[in-house]
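We have chain W already, so just place chain G on it with the hints.
Protein sequences, first through last, are from chains W and G.
Each residue of the first sequence is one higher than the one before, starting from 0 at the first, in numbering that gives the first Met the number 0.
Each residue of the second sequence is one higher than the one before, starting from 0 at the first, in numbering that gives the first Met the number 0.
By construction, these hints were calculated from the structure, which means they are not laboratory data.
All of these numbers come straight from a predicted model, not from anything done at the bench.
Treat the hints with care, since some could be wrong.
Note that the list lumps identical chains together, so a pair holds whenever it fits in one copy or between two copies.
What the hints assert, rightly or not - Each computed SDA-like pair below joins lysine to any residue, with the alpha-carbon atoms no more than 20 angstroms apart:
(1) Lys-201 x Pro-52
(2) Lys-158 x Pro-189
(3) Lys-128 x Arg-325
(4) Lys-175 x Lys-255
(5) Lys-98 x Gln-259
(6) Lys-98 x Asp-249
(7) Lys-204 x Asp-289
(8) Lys-255 x Tyr-67
(9) Lys-201 x Val-287
(10) Lys-45 x Pro-194
(11) Lys-204 x Gly-268
(12) Lys-26 x His-99
(13) Lys-158 x Asp-288
(14) Lys-251 x Pro-189
(15) Lys-201 x Tyr-92
In case you want the letters, here they are:
Number of protein chains: 2
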Amino acid sequence: MINVGINGYGTIGRRVADAVAAQKDMKLVGATKVKPDYRARVAVQKGIPLYVPNQEVAAAFDRAGVPYAGDLSKLLSEVDVVVDATPELGAEYKPVFEKHGKKAIFQGGEEHELTGFSFVAQVNYTAAKGRKYVRVVSCNTTGLCRVLGAVDSGFGITKARAVLARRAADPDEVSKGPIDAIVPDPVSLPSHHGPDVQSVMKSLKITTMAIKVPVTHMHLHSLIATVRGRPTEEEVIGALESAPRVMLVDGKAGFKSTAQVIDWAREVGRPRNDVFEAVVWRDSVTVVDDEVYMFLGVHQEAIVTPENIDAIRAVASEVPAEESMRTTDATLGIRHPT
Amino acid sequence: MINVGINGYGTIGRRVADAVAAQKDMKLVGATKVKPDYRARVAVQKGIPLYVPNQEVAAAFDRAGVPYAGDLSKLLSEVDVVVDATPELGAEYKPVFEKHGKKAIFQGGEEHELTGFSFVAQVNYTAAKGRKYVRVVSCNTTGLCRVLGAVDSGFGITKARAVLARRAADPDEVSKGPIDAIVPDPVSLPSHHGPDVQSVMKSLKITTMAIKVPVTHMHLHSLIATVRGRPTEEEVIGALESAPRVMLVDGKAGFKSTAQVIDWAREVGRPRNDVFEAVVWRDSVTVVDDEVYMFLGVHQEAIVTPENIDAIRAVASEVPAEESMRTTDATLGIRHPT
Chain W
0 MINVGINGYG TIGRRVADAV AAQKDMKLVG ATKVKPDYRA RVAVQKGIPL YVPNQEVAAA
60 FDRAGVPYAG DLSKLLSEVD VVVDATPELG AEYKPVFEKH GKKAIFQGGE EHELTGFSFV
120 AQVNYTAAKG RKYVRVVSCN TTGLCRVLGA VDSGFGITKA RAVLARRAAD PDEVSKGPID
180 AIVPDPVSLP SHHGPDVQSV MKSLKITTMA IKVPVTHMHL HSLIATVRGR PTEEEVIGAL
240 ESAPRVMLVD GKAGFKSTAQ VIDWAREVGR PRNDVFEAVV WRDSVTVVDD EVYMFLGVHQ
300 EAIVTPENID AIRAVASEVP AEESMRTTDA TLGIRHPT
Chain G
0 MINVGINGYG TIGRRVADAV AAQKDMKLVG ATKVKPDYRA RVAVQKGIPL YVPNQEVAAA
60 FDRAGVPYAG DLSKLLSEVD VVVDATPELG AEYKPVFEKH GKKAIFQGGE EHELTGFSFV
120 AQVNYTAAKG RKYVRVVSCN TTGLCRVLGA VDSGFGITKA RAVLARRAAD PDEVSKGPID
180 AIVPDPVSLP SHHGPDVQSV MKSLKITTMA IKVPVTHMHL HSLIATVRGR PTEEEVIGAL
240 ESAPRVMLVD GKAGFKSTAQ VIDWAREVGR PRNDVFEAVV WRDSVTVVDD EVYMFLGVHQ
300 EAIVTPENID AIRAVASEVP AEESMRTTDA TLGIRHPT
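The shape of chain W in the complex, shown without the other chains:
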């Protein structure tokens, strides 16, 4: 049994907490939280022990009447692995985890250098085995690695290019914009997403551009990959179908936009309408000469959830890659290719 603590109960922490609780080989010890808000109350209702990072937060919890189980030190003393899901405070917390001698999983908001190892389960699970610190890459990088990894394995990418249309805000981030503008972000090219993909797929040649658009639900990538092989469109689709955590959807079946992907997740009863898969529009997969084109959707809040679970197993168990991914996928309701 792997005892797991979560540091930070925000967008990612909440999801990883539920996913950890769903694993038979893991125990969710609890999660730290900095505000005694409605999310804290829901956590308490669900039976998730909350911990506080310091005395001020403890006092705020006391005032609000939200119960907590102890402080961060107490949480750390009871876990084997801590998942840091703070808003880019991982570098600050790493020495604390180190002092307690705990293994830690960090998120993509941190620099690669914090751990020296950036993780996407289907690319480098095995290389993470036994490591003390692992960084799960960001949502966009995870989506790119899953899909480009499948295309690269199948047909050899000589050059990849991606244009990322990024959601401007998560659904609960009411004070962010824009509301009527397209924002080149950054204006200076290329964007950081290419180098971040290379922190996982080290030999991949890739250049990325990113814009921000007024939506809340998903990112949408336009991918253009030059490949050595000359696959047919059916062969590219076949490679994506055999890759884990890639979901193919059809425009003709009603998936007209990112909105229908999220609506599908609501229909099938996914928790928080989470789409854990990299979503590729099957009818967008096109081959022109030696270039493969496709649209890729990334649910920014959810896609890294399975990677965090696998990262925990990679650093704290002997479970091999395929078995871990299969188990994770089964517990989260993700179709796993046979």
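Below, chain G alone, put in the same frame as chain W:
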């Protein structure tokens, strides 16, 4: 003096009417309009004679008390050139123009085959000379031809790729969406924009993808062009600076998004905040190996206005290309490279 009539007083027709009125070598005879709405009243206030396409419309104008000068036949009898700015009804009207023996300029919503000639002033003005029918291409195609034309002339494009993030609706189109989704449009690739560019730049190899996003002001293209020459970024910028109707803006100078480009147009007093130029973010121009990257903004309502004016001169005068473009630009307040 070239007598000009406008068929359809909508997004494009209104702008071309004002631009025609601003030319010393043209006379705006009038414009047809199908609804006696506030736009019709403003036209009357501005002294633009309105014409009605049929008896029902005439009756509606009578009921609303909006004066008109006659019907389409009367308008056509008084013009040398008619600019068709109807919502893709050009094929229906062409026989009417033909019956009256009038030259006609059509818009990019029509098929290339309607005229057999697709027009972007700086690419093929001279070839349009003496033609009876010319099609001014759509806003996106115009922007792509201006910018890719400049890059191709300078450095030889072997393969261009563009991802178009399209505005979902014009500012006055209140019943269109989406409001919180990114729409691959079309899902099946490539989009029609590539072939449309090839209707002007016949030997250019180009593949395009397009998505629709919830903004009203401008389209934003992410361009990736493989070039034979190995230009520096400064050389690419130089080529764009010497091209007509391309405006370079700097993110560092406050042009953080499409919204600031429109705000700039308001500040400088452009009519209807129109941006007639193809807008390239200077700090986005990047060369990676043999590929040139940049962001291109296209004001969908305005960019084809100067092309319509030049198309009129190309079919109905002996004015050479450079002189026509220079005159058009001077009257519209567009910087023209010397």
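Going down the list of hints, with the structure as the test:
1. Lys-201 x Pro-52: neither (36 angstroms within a copy, 65 angstroms between copies)
2. Lys-158 x Pro-189: both (14 angstroms within a copy, 19 angstroms between copies)
3. Lys-128 x Arg-325: within (17 angstroms within a copy, 67 angstroms between copies)
4. Lys-175 x Lys-255: between (26 angstroms within a copy, 15 angstroms between copies)
5. Lys-98 x Gln-259: The answer is neither: 46 angstroms in one copy and 49 angstroms across copies each exceed 20 angstroms.
6. Lys-98 x Asp-249: neither (50 angstroms within a copy, 47 angstroms between copies)
7. Lys-204 x Asp-289: both (15 angstroms within a copy, 13 angstroms between copies)
8. Lys-255 x Tyr-67: Neither: 45 angstroms inside a copy, 44 angstroms across copies.
9. Lys-201 x Val-287: between (26 angstroms within a copy, 18 angstroms between copies)
10. Lys-45 x Pro-194: neither (39 angstroms within a copy, 56 angstroms between copies)
11. Lys-204 x Gly-268: Answer is neither: 38 angstroms inside a copy and 45 angstroms across each miss the 20 angstroms cutoff.
12. Lys-26 x His-99: Within. Shortest intra-copy distance 19 angstroms satisfies the 20 angstroms Cα cut-off; inter-copy 83 angstroms does not.
13. Lys-158 x Asp-288: both (14 angstroms within a copy, 11 angstroms between copies)
14. Lys-251 x Pro-189: between (34 angstroms within a copy, 16 angstroms between copies)
15. Lys-201 x Tyr-92: neither (27 angstroms within a copy, 59 angstroms between copies)
Of the numbered hints given earlier, the model fails hints 1, 5, 6, 8, 10, 11 and 15; all others are met.
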